[in-house]
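*Asks:* Here's the letter readout for the chains.
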Amino acid sequence: MPRLLASALSLRRDPRLLKLPPYLSLLCIVVGVVWLFLLPLDDYSRRTYISENALLPGQVHTYFGGSDQNVFRAYKHETDELAGKGNIEVNDKLESIAKGLGLKVGRQNFTYSSAGNTHSGQNIYAILQAPRGDATEAIVLVAAWKNVKGEPNRSGVPLVLTLARYFKRWSLWSKDIIFLFTPDSIAGPQAWVDAYHDAHDSSRVASLPLKSGALQGAIALDYTRETRFQSVHIVYDGVNGQLPNLDLINSVNHVAGGQMGMGVAIQEMWKHSNSYHDRLQTMLRGMLKQGLGLASGPHSSFIPYHVDAVTLQPFGDGWQDEMAIGRVIEGTFRSLNNLLEHLHQSFFFYFLMQKERFVSIGTYLPSAMLVAANFTIMAIALWVKSGQPEVQKVITEKTETAEEAEKLALPNPHAAMERDLFLPLVLVAACQFAGVVPLYLFNHLSESALIPAFVLFTVLSAILPFLLSNLLHTSATSTTTQQYHLIRSFSLLLLGMFLSSLATLNFSLAFLVGVFSAPLTFVRPCPNSPILKWLSMAVLYILSPTTVVFVASVLPDLDEKVGCGLGEVLRQAAFAWDVTGTYTPVVVWCVWWPAWIVGVVSVLGRPGAGDGKVKNA
Amino acid sequence: MNGGKATLGRTAGLYAGAAVLRLALFTLFPRLPDLLTGRVEISTPVTSFKRLQEGLFLYNHNVSPYDGGVYHQAPLLLPIFNLLPSFATFPIFTYLLYIAIDILSADALLRIAESGEAGSSARFTSPRRDKRWSGAVIAALFLFNPFTIATCIGRSTTVFTTCAILHAIANAISGRHFHAMVALSFASYLSMYPLLLLPPLVLLCYDRQKQPATGAPNAWIKFAATMVMDVVGALAVLFQMSFCLTGSWEFLSSTYGVQLTLSDLAPNIGLWWYFFVEMFDSFRSFFLAVFWLHLSSYVGGLSVRLRQQPLVVITLLLGIFSIFKPYPSIADASLFLGMVPLYRHVFPLLRYSFVIAAIIIYATFLAPAFYHLWIYAGSGNANFFYAITLVWGLGLSLLVCDLAFAVLRDEWEVERPEMVGKEIRQI
Amino acid sequence: MRRFFASFLLSLLSFLCFSPYAAIANASSAADSISTSISDSRSDYHEQLILRPLPLSALLASFNFRSNTSLSAFEAHNFRFFPRSLGQILQHAGTRELHLRFSLGRWDAESWGARPWNGAREGGTGVEMWAWLEAETDEEADHKWLTLTNALSGLFCASLNFIDSTRTTRPVMSFQPEGNHIDANAANTHLLYGVLPHEVVCTENLTPFLKLLPCKGKAGIASLLDGHKLFDSSWQTMAIDIRPVCPEDGECVLQIEQSIDMVLDIDRSKRPRDNPIPRPPPAHDMKCNTSKPYHAHDTCFPTDSAANQDWSLSQIFGRPIKGTCPLTDPTVSPVCIQVPDSRIVFASEGAIEKKNPDQTSRCFDFPAENDFEVFLPAPETQDGSVVVDQHLVKPETPLLYAERSFTGHGQERGGVQTILRNPSPDQEVEFIYMESLPWFMRIYLHTISARVDGQPGKADSLIQEVYYRPAVDRARGTQLEVRMTVPPASTVFLTYDFEKSILRYTEYPPDANRGFDVAAAVITILNRDKSVGNSRFAAYNLRTTTLLCNLPTPDFSMPYNVIIFTSTAIALAFGGMFNILVRRFVAANEGPENGLKKGVNRLKAKLAAMFKKRGSTPAVMLDGEKKME
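Residue numbers (the working numbering), protein chains in the order written: chain A, 8 to 624; chain B, 14 to 440; chain C, 39 to 667.
Note that these hints are calculated values from the structure, not bench results.
Certain hints may be false.
With a straight-line Cα cutoff of 30 Å, these simulated DSS-like cross-link-like pairs (lysine-lysine) come out [stated by the list, open to error]: (1) C:Lys-249 - C:Lys-267; (2) C:Lys-308 - C:Lys-182; (3) C:Lys-432 - A:Lys-111; (4) C:Lys-267 - C:Lys-330; (5) C:Lys-249 - C:Lys-330; (6) C:Lys-325 - A:Lys-92; (7) A:Lys-111 - A:Lys-153; (8) C:Lys-254 - C:Lys-267; (9) C:Lys-330 - A:Lys-111; (10) B:Lys-435 - A:Lys-392; (11) C:Lys-392 - C:Lys-254; (12) C:Lys-330 - A:Lys-100; (13) C:Lys-267 - C:Lys-432; (14) C:Lys-325 - A:Lys-100; (15) C:Lys-308 - C:Lys-360; (16) C:Lys-330 - A:Lys-92; (17) C:Lys-325 - A:Lys-111; (18) C:Lys-325 - C:Lys-432; (19) A:Lys-153 - C:Lys-330; (20) C:Lys-308 - A:Lys-106; (21) A:Lys-111 - C:Lys-308; (22) C:Lys-393 - C:Lys-267; (23) A:Lys-278 - A:Lys-156; (24) C:Lys-393 - C:Lys-308; (25) C:Lys-267 - A:Lys-111; (26) C:Lys-393 - C:Lys-256; (27) B:Lys-144 - A:Lys-392; (28) B:Lys-63 - C:Lys-496; (29) A:Lys-106 - C:Lys-432; (30) C:Lys-392 - C:Lys-256; (31) A:Lys-92 - A:Lys-26; (32) C:Lys-267 - A:Lys-106; (33) B:Lys-435 - A:Lys-26; (34) A:Lys-540 - A:Lys-392; (35) A:Lys-153 - A:Lys-106; (36) C:Lys-432 - A:Lys-100; (37) A:Lys-111 - C:Lys-496; (38) B:Lys-435 - C:Lys-642; (39) A:Lys-106 - C:Lys-325; (40) C:Lys-330 - A:Lys-106.
Working from the sequences, and respecting the hints, build out all of it.
*Replies:* Next comes the structure, spelled out in structure tokens:
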């Protein structure tokens, strides 16, 4: 092992190699980005397939319909009367209906407080006990009273009630079925799932009065429209960019698209001509959602607990009626009911290009890894460089031939300069820990104070580098070139490390941050060319975390609305942090921001002449 | 190496700082200790504090802790923790005990460093020896190493072994042979593998004994024999006490048998667990033998080749144990990494210091991520974590090899002074 | 061979023609004991079916078959009603008392109330058995237990032989012998308990069960038993209890009691077998709540949950009762229905209805030869909604509600939480909670704690006594028995933590990712009056549901890769160390050249030798030196 490395590392004496790294990292970034854009091509993406044989989606005949339509109308009348009523009254009504169906009913109160305002409510859920089974496994059917956008789930709730009544008649269920009604689409499901796994903070979320077995899967129904629809939209992004098992999406796709003959859409691509452009757009939207890591529906909260879940949204004007979506759910539940084992066969890391094309992690991970790798490469290069004494110091006279002269002229590693690591370590560490301040700030301030705080923080973080670099120069020993090398080396090493670790958890976030902070690889102290200096300064400030957050908040988002605005973004971020435990803010403030600060400092740097002394071992 | 007073003051401040930091972590983050205790990187089946509590509970309720699959730690730990006020009511005492142990280890390390043994042993004096860190710095590097802190907060019982080993070395250097041997016996009694440190430690004692060895040809044989006798006697006493304590010998199979047969396959950062999860039953015993043989095979070679510097042998062995033990944890790594700074003088000869640092840090961050993907998110499988344990092992072994190389080259340059700073290779 | 056959015939003959006389004789002799309770041990064989309608259109049917044979006759291999196959096994394995349970589904105590037989005749999901064996030493007991389980697994087509040492425990407090033993607690009687939570009970277990009956399910109430109906029920348990009974007067008899309790979902059972699919009924024959304002031809608020109160035996079981078993004790009426006397019940002609004094049940006697049928008409309803409780016997509330579930998530560690609710307003409940867990759930006993709902802090004083036998890896399962009390009208949470251990990849079942079944916890409620001698026998039994424990799984496709990778890592480390130790240092430009250079030089030498007419060695030296500088 060491001998292998010895040959590799002996190269570090080659001067050409020392010039190489910047180009190498540039190459990494370019290849990484280009790689991403190649993915939608047929050669890189694959057709989806079902790998869990037990699922058998679309193999059963579905009987939901007929007189159940009448029941649905009745229940719809019941729920329409409840429109605008309080959460408790709604739950009372739902409880009476569910009890009438012979289901076990439980309620749960929860209160979250985030950004100064409190989100509280009461979940109600009914358990249909598997006729012959005992409570070892369960599947969940969720209908939130309001969907993510806040529209009332008009047809969804009565349809779920009708389905509950219909399912009760079957004797073939091998798993309990839990019907969950939540007042909203994010806090409610989160509270329920947390409590189901006893991972809840009992001061804010009540425990569940009755439970069933291990959750095997969940389907959420977001059905706000009251007219007939054309196709169904599958929402599958989980919190922090975790995705459900691909088999679940495939089976829903099979049942809806194949069996029921309705269209299937993903990532709000309402019409998808299977072209490169559409595929790319779908993938990029997926990456953006994943990168933000926000909850995109009632299903999102289930996924972190290894419960595969999706939300179904009927959309478009067509001839499909409520019974059709009911049959889709019936078919999907029959498939889940067939499961012998927890879904584990198929992929958990993938990008869907189109409802039936995907790329798996093996294919796309390299792009993020390359972007992350460029930082590491640069860090190593800077480290080696920091060990190099100035060339003229080791020039030797007694040389016979030309190439020998060159060979000896090279600084060899054993005459490496003494690196003094103290200042760089302290500076980088300090910046890293400083990241905690904005993190705490933006997650604990009240809503009104968020925007002023953000502005204030933007200004401060813009000024901070200047203060730091002045500090570095007014300090007793002026900072040397080597120390600047080391500062950048450490900061880039950390950044590369964080990003490559993050890429395995949340690929898109790692990729986005990596691309945004790519310039940090190339900026260097340039005391003698102000143009270059201010140019790189400009680039850095344009790509600073604060700027990016601000721009993202005012840009129009996916569905062509105008941007939701800075305050809304900050409020949502705080809410996601407090309720669903989204860690995107951590990455932004504790990984990206410190690296950015160090980058700007090193640009401003005026390395003093004081170079370390050559140490002859 | 500066004035005693200043050093005293500095070390006292250092220890205080370390203690305060640990206390703060214990008290300000009350959930942190249990969190760390649950991490597989910190707690192994043979060192977990939760299992110790279980054993203590059973012991107090007159159920033999060894008549079960949970408690695999030495019997004498039970009365020790029994003397403390119960953990449930006054956890602070347990915290204080662990903090004290850490500081004792640091103190031993400081004594080792101040003795200068690393740079100039009885038989060899390094030309670079003047380039060294003071004991305080080395103790600080040990005390403020994140691994050490995590181990202390996680309350893994490895800290006792660490302390015993360091004191054994310190005593050996200061020429108190008997104390050294007793300390080593304690270490071996607690977790068996330190027994492999006996040969180099005997050599160390032999080199450092007060009056230099007499010319008698087989004086060293007599010396070694007495040392071995000391260890055997101490171990015998300890075992007898344990027997009186538990009333049966079943603690032997349950404490050391588990390490020998790896019956508990709980994941850890070592290389054994996944290997024996996937191992075919018919070959299990064979490979167990091979692994143990491999672990012990280093002792002889290193002791012979590095006869001049026994302390180096001990350091390298500690490094090797922290990789190839049956149940390694970051506690073992922290002991090794605490010893490495003693060789400040050969650092310039290290060839891959940055690579090693990068690998170790990468593994440190990736291991929890991959473990989460496997166990909680369920989106990755066991191979993720296994791959990281491989990387970790390779990184550490690279460090061990590089240190060995540096030390040997240091020795070599004594006989070839003109070679200082030149390119060399090995044939 | 022939002799065996002859003896077999003989025994068959003796059974067929001998026992009826005995039965009749005995019945006539015991004519005075008509009114005595069923648990009278003198009547040699009788059977009874008790039907009890339950809320939410469910029906509890309890079949009970009991036959006795005197111990002396048993010892003399003179089995009369006692099934010979079983008897010989018992004798071979030295079994004093045996209890065997096959169970499926879950009893819904919330709506169905207390369990039949106070839960004494039921087991946890899967197969459960416990027995008192006669053995000198533990080893002998284990050996006999092994024999017994293997033999019974053959007899009942159940994989009882998988009850190995890791699934066997020796309960200390939970079980008391039901029969009268001379020395129940003597050193040479061993109680062993084994459970198979994963076993799926199905028809192959029912057939041998029926084979043990004197009438083999051809006649009598057993003729109703049919796999399709039995295993479509919401909850069912088959029990076999064999115990010696010694009445004060008369000699001891060995009593075998077979019982089947099942809860049928009436409207599911009433579906015709040829068309079991619950298609939505036509709109016009749906039961709607017409009182709703929006009620219309296409809008219907269903009220059929309380419907289906009416049923008849042949609707439910697909056939009527085919007469009575000729061997049965005629003094015990074969069919009883527990409905209020106010409700009308039609029975087929020839049957005599006997209303019991307690206003809530009536029994039927009917001639042995013709079929028997019962019809329960739907209670008259006012405006579509039914007042249930007037037409059903109000189910009595059980002494305790228990619900067990896992806490936490992930495959590393977890906790078990049992919620115990005592409904009685004034009486506290004392009971024994028994868990027998697989060894790979390493429980931490020091984390066991009880807390009362609504009260802060722990209430460990409720736990009075704990018997704990820790698991040993791959050798023994965990056995935990807790004697505790629940104060009146309160809910107690009993929790403890455990750790999931990873197994060798050969130890996982084929469906490793499904998880491992954890057997039901057995809760034995001790009866309140401590007066009844020293042995406080169970007042009420209940089982929790089983659990599914997910263990971390390795990658099953990896063994070779893992062996290769790990070995490579070790080889790299060892090789590197070895190289550094054994090789000696030279300056980069000293010593012999290494592979590539050497090859190049040799080539050069060859060329030199070819062109120049000079000895090749100097050329080599020359080139060599040139290279070396």
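*Asks:* Please go over all the hints and tell whether each is borne out by the structure.
*Replies:* Here is how each hint holds up against the structure:
no. : hint                  : result
1   : C:Lys-249 - C:Lys-267 : holds (18 Å)
2   : C:Lys-308 - C:Lys-182 : violated (46 Å)
3   : C:Lys-432 - A:Lys-111 : holds (19 Å)
4   : C:Lys-267 - C:Lys-330 : violated (37 Å)
5   : C:Lys-249 - C:Lys-330 : violated (54 Å)
6   : C:Lys-325 - A:Lys-92  : holds (29 Å)
7   : A:Lys-111 - A:Lys-153 : holds (23 Å)
8   : C:Lys-254 - C:Lys-267 : holds (18 Å)
9   : C:Lys-330 - A:Lys-111 : holds (24 Å)
10  : B:Lys-435 - A:Lys-392 : holds (20 Å)
11  : C:Lys-392 - C:Lys-254 : holds (27 Å)
12  : C:Lys-330 - A:Lys-100 : holds (14 Å)
13  : C:Lys-267 - C:Lys-432 : holds (25 Å)
14  : C:Lys-325 - A:Lys-100 : holds (20 Å)
15  : C:Lys-308 - C:Lys-360 : holds (19 Å)
16  : C:Lys-330 - A:Lys-92  : holds (20 Å)
17  : C:Lys-325 - A:Lys-111 : holds (22 Å)
18  : C:Lys-325 - C:Lys-432 : holds (25 Å)
19  : A:Lys-153 - C:Lys-330 : holds (26 Å)
20  : C:Lys-308 - A:Lys-106 : holds (23 Å)
21  : A:Lys-111 - C:Lys-308 : holds (24 Å)
22  : C:Lys-393 - C:Lys-267 : holds (28 Å)
23  : A:Lys-278 - A:Lys-156 : holds (21 Å)
24  : C:Lys-393 - C:Lys-308 : holds (27 Å)
25  : C:Lys-267 - A:Lys-111 : holds (25 Å)
26  : C:Lys-393 - C:Lys-256 : holds (28 Å)
27  : B:Lys-144 - A:Lys-392 : holds (23 Å)
28  : B:Lys-63 - C:Lys-496  : holds (20 Å)
29  : A:Lys-106 - C:Lys-432 : holds (18 Å)
30  : C:Lys-392 - C:Lys-256 : holds (26 Å)
31  : A:Lys-92 - A:Lys-26   : violated (70 Å)
32  : C:Lys-267 - A:Lys-106 : holds (26 Å)
33  : B:Lys-435 - A:Lys-26  : holds (24 Å)
34  : A:Lys-540 - A:Lys-392 : holds (21 Å)
35  : A:Lys-153 - A:Lys-106 : holds (23 Å)
36  : C:Lys-432 - A:Lys-100 : holds (26 Å)
37  : A:Lys-111 - C:Lys-496 : holds (29 Å)
38  : B:Lys-435 - C:Lys-642 : holds (29 Å)
39  : A:Lys-106 - C:Lys-325 : holds (17 Å)
40  : C:Lys-330 - A:Lys-106 : holds (18 Å)
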